[in-house]
Amino acid sequence: MSNEIIDGKARKVLVDDIDTDQIFHQSLLTIHNPEEIKPHIFGNLDGYRDFGKENHTDKILIVGKNFGKGSTRQQAVTGFLAHKIKAIIGASFGPIYYSNAVNAGLFLVEVPKIANFSIEENDELEINVAQSLLTNKTRGTSIKCEKIPIPVLDIIKAGGLMSLGEKM
Amino acid sequence: MVGSTLIEKIIRKHTDASDEEIYPGNIVWINLDLVTARDYAGPQVIDLFLKHYPGSNTFNNNKIIFTPDCYPYGNDPKHVKDQEKIRVFAKEHNIRVTDLGSGIGSHLLFRRGFSKPGDIAFGADSHYNILGALGILGQGAGDVMLAFAFKTGKSWIKIPETVKVKIEGKYTWPTTSKDLALYVLKQLHEYGITGKAVEFYGETISELTIDDRVTLCSLITEASGMIGFVSADEVTAEYYKQLNIDIELLSGDENANYASELTINVDNLGLYVACPPHPHNVKPIEEVLGTPIKSIIIGSCTNGSASDIHEAARVLKGSHVNPEVRFGIVPATREDFVEINLNGDMTVILEAGGNFYGSGCSTCAKGQYGLTGGETAVTLTTGNRNTQGKIGPADVYLASPVVAAATAIEGKIAKPIIKEMIK
Numbered sequence: 000m001s002n003e004i005i006d007g008k009a010r011k012v013l014v015d016d017i018d019t020d021q022i023f024h025q026s027l028l029t030i031h032n033p034e035e036i037k038p039h040i041f042g043n044l045d046g047y048r049d050f051g052k053e054n055h056t057d058k059i060l061i062v063g064k065n066f067g068k069g070s071t072r073q074q075a076v077t078g079f080l081a082h083k084i085k086a087i088i089g090a091s092f093g094p095i096y097y098s099n100a101v102n103a104g105l106f107l108v109e110v111p112k113i114a115n116f117s118i119e120e121n122d123e124l125e126i127n128v129a130q131s132l133l134t135n136k137t138r139g140t141s142i143k144c145e146k147i148p149i150p151v152l153d154i155i156k157a158g159g160l161m162s163l164g165e166k167m
Numbered sequence: 000m001v002g003s004t005l006i007e008k009i010i011r012k013h014t015d016a017s018d019e020e021i022y023p024g025n026i027v028w029i030n031l032d033l034v035t036a037r038d039y040a041g042p043q044v045i046d047l048f049l050k051h052y053p054g055s056n057t058f059n060n061n062k063i064i065f066t067p068d069c070y071p072y073g074n075d076p077k078h079v080k081d082q083e084k085i086r087v088f089a090k091e092h093n094i095r096v097t098d099l100g101s102g103i104g105s106h107l108l109f110r111r112g113f114s115k116p117g118d119i120a121f122g123a124d125s126h127y128n129i130l131g132a133l134g135i136l137g138q139g140a141g142d143v144m145l146a147f148a149f150k151t152g153k154s155w156i157k158i159p160e161t162v163k164v165k166i167e168g169k170y171t172w173p174t175t176s177k178d179l180a181l182y183v184l185k186q187l188h189e190y191g192i193t194g195k196a197v198e199f200y201g202e203t204i205s206e207l208t209i210d211d212r213v214t215l216c217s218l219i220t221e222a223s224g225m226i227g228f229v230s231a232d233e234v235t236a237e238y239y240k241q242l243n244i245d246i247e248l249l250s251g252d253e254n255a256n257y258a259s260e261l262t263i264n265v266d267n268l269g270l271y272v273a274c275p276p277h278p279h280n281v282k283p284i285e286e287v288l289g290t291p292i293k294s295i296i297i298g299s300c301t302n303g304s305a306s307d308i309h310e311a312a313r314v315l316k317g318s319h320v321n322p323e324v325r326f327g328i329v330p331a332t333r334e335d336f337v338e339i340n341l342n343g344d345m346t347v348i349l350e351a352g353g354n355f356y357g358s359g360c361s362t363c364a365k366g367q368y369g370l371t372g373g374e375t376a377v378t379l380t381t382g383n384r385n386t387q388g389k390i391g392p393a394d395v396y397l398a399s400p401v402v403a404a405a406t407a408i409e410g411k412i413a414k415p416i417i418k419e420m421i422k
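First to last, the protein sequences are chains Y and A.
Each step along the first sequence adds one to the number in numbering that gives the first Met the number 0, with nothing skipped, and position 55 is 54.
Each step along the second sequence adds one to the number in numbering that gives the first Met the number 0, with nothing skipped, and position 188 is 187.
I should point out that these hints are in silico values taken from the structure, not numbers from a laboratory.
By construction, the Cβ of each residue, glycine as well, lies at the ideal position given by its N, Cα and C atoms.
The reader is advised that the hints may include incorrect statements.
With a cut-off of at most 30 angstroms between alpha-carbon atoms, the simulated DSSO-like pairs for lysine-lysine come out as follows [what the hints assert, rightly or not]:
{"hint": "1", "chain 1": "Y", "residue 1": "Lys112", "chain 2": "A", "residue 2": "Lys157"}
{"hint": "2", "chain 1": "A", "residue 1": "Lys50", "chain 2": "Y", "residue 2": "Lys83"}
{"hint": "3", "chain 1": "A", "residue 1": "Lys389", "chain 2": "A", "residue 2": "Lys157"}
{"hint": "4", "chain 1": "A", "residue 1": "Lys157", "chain 2": "Y", "residue 2": "Lys166"}
{"hint": "5", "chain 1": "A", "residue 1": "Lys157", "chain 2": "Y", "residue 2": "Lys68"}
{"hint": "6", "chain 1": "Y", "residue 1": "Lys156", "chain 2": "A", "residue 2": "Lys62"}
{"hint": "7", "chain 1": "Y", "residue 1": "Lys64", "chain 2": "A", "residue 2": "Lys50"}
{"hint": "8", "chain 1": "Y", "residue 1": "Lys37", "chain 2": "A", "residue 2": "Lys50"}
{"hint": "9", "chain 1": "A", "residue 1": "Lys163", "chain 2": "Y", "residue 2": "Lys68"}
{"hint": "10", "chain 1": "Y", "residue 1": "Lys85", "chain 2": "A", "residue 2": "Lys389"}
{"hint": "11", "chain 1": "A", "residue 1": "Lys157", "chain 2": "Y", "residue 2": "Lys146"}
{"hint": "12", "chain 1": "A", "residue 1": "Lys50", "chain 2": "Y", "residue 2": "Lys156"}
{"hint": "13", "chain 1": "A", "residue 1": "Lys157", "chain 2": "Y", "residue 2": "Lys85"}
{"hint": "14", "chain 1": "Y", "residue 1": "Lys64", "chain 2": "A", "residue 2": "Lys163"}
{"hint": "15", "chain 1": "Y", "residue 1": "Lys156", "chain 2": "A", "residue 2": "Lys12"}
{"hint": "16", "chain 1": "Y", "residue 1": "Lys68", "chain 2": "A", "residue 2": "Lys62"}
{"hint": "17", "chain 1": "Y", "residue 1": "Lys166", "chain 2": "A", "residue 2": "Lys62"}
Covered stretches of chain Y, going by a simulated chain A footprint (3 or more residues, C-beta under 8 angstroms) [unchecked claim]:
{"hint": "18", "stretch": "21 to 30"}
{"hint": "19", "stretch": "62 to 69"}
Quick list of the computed label-pair ranges, beta carbon to beta carbon [as the list claims (entries may be wrong)]:
{"hint": "20", "chain 1": "Y", "residue 1": "Arg48", "chain 2": "A", "residue 2": "Tyr190", "range": "34 to 44 angstroms"}
{"hint": "21", "chain 1": "A", "residue 1": "Asn56", "chain 2": "Y", "residue 2": "Lys156", "range": "19 to 29 angstroms"}
{"hint": "22", "chain 1": "A", "residue 1": "Asp98", "chain 2": "Y", "residue 2": "Asn121", "range": "55 to 65 angstroms"}
{"hint": "23", "chain 1": "Y", "residue 1": "Ser141", "chain 2": "A", "residue 2": "Thr193", "range": "28 to 38 angstroms"}
{"hint": "24", "chain 1": "Y", "residue 1": "Asp6", "chain 2": "A", "residue 2": "Asn93", "range": "29 to 39 angstroms"}
{"hint": "25", "chain 1": "A", "residue 1": "Asn243", "chain 2": "Y", "residue 2": "Leu132", "range": "48 to 58 angstroms"}
{"hint": "26", "chain 1": "A", "residue 1": "Ile421", "chain 2": "Y", "residue 2": "Thr29", "range": "49 to 59 angstroms"}
{"hint": "27", "chain 1": "A", "residue 1": "Glu19", "chain 2": "Y", "residue 2": "Ile30", "range": "40 to 50 angstroms"}
{"hint": "28", "chain 1": "Y", "residue 1": "Ile30", "chain 2": "A", "residue 2": "Gly343", "range": "50 to 60 angstroms"}
{"hint": "29", "chain 1": "Y", "residue 1": "Lys156", "chain 2": "A", "residue 2": "Thr193", "range": "27 to 37 angstroms"}
{"hint": "30", "chain 1": "Y", "residue 1": "Asn115", "chain 2": "A", "residue 2": "Thr193", "range": "18 to 28 angstroms"}
{"hint": "31", "chain 1": "Y", "residue 1": "Leu132", "chain 2": "A", "residue 2": "Lys282", "range": "31 to 41 angstroms"}
{"hint": "32", "chain 1": "Y", "residue 1": "Ile30", "chain 2": "A", "residue 2": "Gly357", "range": "32 to 42 angstroms"}
{"hint": "33", "chain 1": "Y", "residue 1": "Arg48", "chain 2": "A", "residue 2": "Gly410", "range": "47 to 57 angstroms"}
Working from the sequences, and respecting the hints, build out all of it.
So, in C-alpha cells, the structure goes:
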C-alpha cells in the first residue's frame, strides 16, 4: 500500500471540534447496523443535517481540527465506512476516534494546515501515501501530510484490525 | 547522541521498527509479553475472537491470563454468565485463570511475578498503567485491540511524549503516599499531561515502597496521562528477589528528549481529600473537615494492599466505627488478605466494626452499589474515581486509608487520633 495513490472528489465539512454527538447523536446509540447508521451521520451538525442522506461514495472528506472528539462510540466511524468514503483528511483527530477509525479500517490523514489549503467542493484530490503528499489536481497545488505510520497502512490495507489478524 | 526516555527504551525492545521510527507521535507495532482480560470486556474479547478467528489457537496460551476481578460477588446474573464464558474458553485454550477471590488483575501481575520491569502488558483495565510503578509498560486496551492481541500477540502503540517530574521534600505520618498521589494529581492535572507519559524521579521517590509507588502511579489516569513510571531500582530489584526473579534496572537517560521537566515540592505535605465530582478536585483536608460520611470503603488498585489496611488498623486499634457508618474493606489480592490475617490487622478492624469482602475490585467497578449504598450514603473511599454516579448515587470523596479510618470513627471527615499505637 505504501506505493498507493488514493484519489477522489472533495466533500468539505471544514468545521473544527466536531464531536461524536454531532456525528452520530447519543439518542441513536442502540442502532448498530451500518446501513441504518448511514442516514444519521452529521444529523446533529448545523449546516450538514442532510449529509447522511446524500451520496458520498468514493469521496474524500475534508474536516477541521480535533475531529471526532468525545465519546468512544464506534458508530461515528462505521457511518463513514457505510458511505464508502475513501479517506478523511483533517487538521487533527481525537485520539479515541483515531484509534477506533484505524482499527475499523477507515483511512485518516492528518494535514495540520488543511484550513490554509485551497479546496473547493468536488475538486479532484490525490493522496500519495509514500510521499505523504496531498495534491489538489483541479488546482495543481500540493501540501505535505503527516507521515502515515506503518501499522496504520497495514491495518487499512487489510480492511481493519480484526481482518489483519486473520492473516497473521 | 540523544538518549531515550524510559518508554522509548521499552518500546524499542518490543518492536521490529527501526531506531529512526522511535519518536513521540509515531505509531509502531509492538510484541506483547502478556495479554490479559477480565470479567469486564473479557467476554466481548472472546466473542470477537471466536467470530473472526474460529478454530484458531491464541498466539501463546502461556502469555495470556484471565483475571476476573471486576464483579467479585457476581452481583448480577449477567456477570455470572460472563465469568462462566471466561472459564469455558480458558479451559479449551489452556489459559490460566486467576478466578474470583484471587484479587485485582493488575496487582496479581506483580504480586505473583507474572510481569517484570521492562515488560509490556495489556489488559482491559484503564488502571493497568499502575504497573509503571515497577517499570512495566502496562496499558488498558479495548476489546478489539485485545481480541487481535489474543490472536497475534501484537498491538500498535502511539509513542508518547514524556514529562520528567522530580518530587522533592519530606513528609511524615499521618501523611502517606495517597496524600502525595492526590497532591501530585492536582499539580499534574493543572500542568497538563494529556496522553503523555510521566517519569518520576528524586529522593522522595527512591524511598517509596512498591505499594506507595503503585498508589502514586494509579492516579495518572485521572490526570488524563498515559502512564507514570518509577525507574526499576534497588527497591524494585529487592521486591522481585523475593519472587525469585532477577531483573535489570531500568530508567530514562539523563539526555533523553523530554517534552518538559517539572519539580513538585512535598515538604511537610498535609492530608488531602479529592472532593466531588472529579478526582482532580483535590483540597486540603481542613477545607472539608466535619463533612458527614455514611459509607467508607478501603480497597481498589490504588489503596487496597495489606500496607494500606495496616494504616487503617493503626488508627482503629482500640476505637469503634461510628454506628452511623458502614465500613467495608476489600483487600486487593488474596496475598494481602493472608498478610492481614497473619499480622493481626484483620482482627483489629473486625473488633472495631469493619466488614470484610472478598478480594478484588471495589467501588470503582461499575455497579458495586451494594458497597456504598443509596442516595443518602455519602461515601469516602480510598479508590481512584469519584465521578458523579459512577460509584454510587451520592457524593463520593477520595482519601487515604488513614483518613478513611479516622472518618469511620467520627462519622465525618476527620484527622486521625491514635489511642493505642501499633507499629
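- Keeping to a limit of 30 angstroms between CA atoms, is the pair of Y:Lys37 and A:Lys50 held or broken? Holds, at roughly 24 angstroms.
- Message: For the hint 32 to 42 angstroms, verify it against the beta carbon of Y:Ile30 and that of A:Gly357.
- Response: Since the Cβ atoms of Y:Ile30 and A:Gly357 sit about 39 angstroms apart, the hinted range of 32 to 42 angstroms holds.
- Are the Cα atoms of Y:Lys166 and A:Lys62 separated by 30 angstroms or less? holds, 20 angstroms
- A:Glu19 versus Y:Ile30 beta-carbon gap, inside 40 to 50 angstroms or not: Given about 44 angstroms between the Cβ atoms, the range holds.
- Query: That 50 to 60 angstroms hint for Y:Ile30 and A:Gly343 (C-beta), does it hold up?
  - Reply: holds, 57 angstroms
- Using the C-beta atoms of Y:Leu132 and A:Lys282, is the stated range 31 to 41 angstroms upheld? violated, 52 angstroms
- Task: Please work out if Y:Lys156 and A:Lys12 have their alpha carbons no farther apart than 30 angstroms.
- Result: holds, 26 angstroms
- Mind checking the hinted window 48 to 58 angstroms against the Cβ distance between A:Asn243 and Y:Leu132? holds, 55 angstroms
- Message: Quick check: does the Cβ-Cβ distance between Y:Asp6 and A:Asn93 fall within 29 to 39 angstroms?
- Response: violated, 49 angstroms
- Item | 30 angstroms limit on alpha-carbon distance, applied to hinted pair Y:Lys85 and A:Lys389 | violated, 39 angstroms
- Task: For Y:Lys156 and A:Thr193, compare the CB-CB distance with the range 27 to 37 angstroms and indicate the outcome.
- Result: holds, 30 angstroms
- Query: Between Y:Arg48 and A:Tyr190, does the beta-carbon spacing fit 34 to 44 angstroms?
  - Reply: holds, 40 angstroms
Checked against the numbered hints given earlier, this structure breaks hints 7, 10, 16, 18, 19, 24 and 31; the rest are met.
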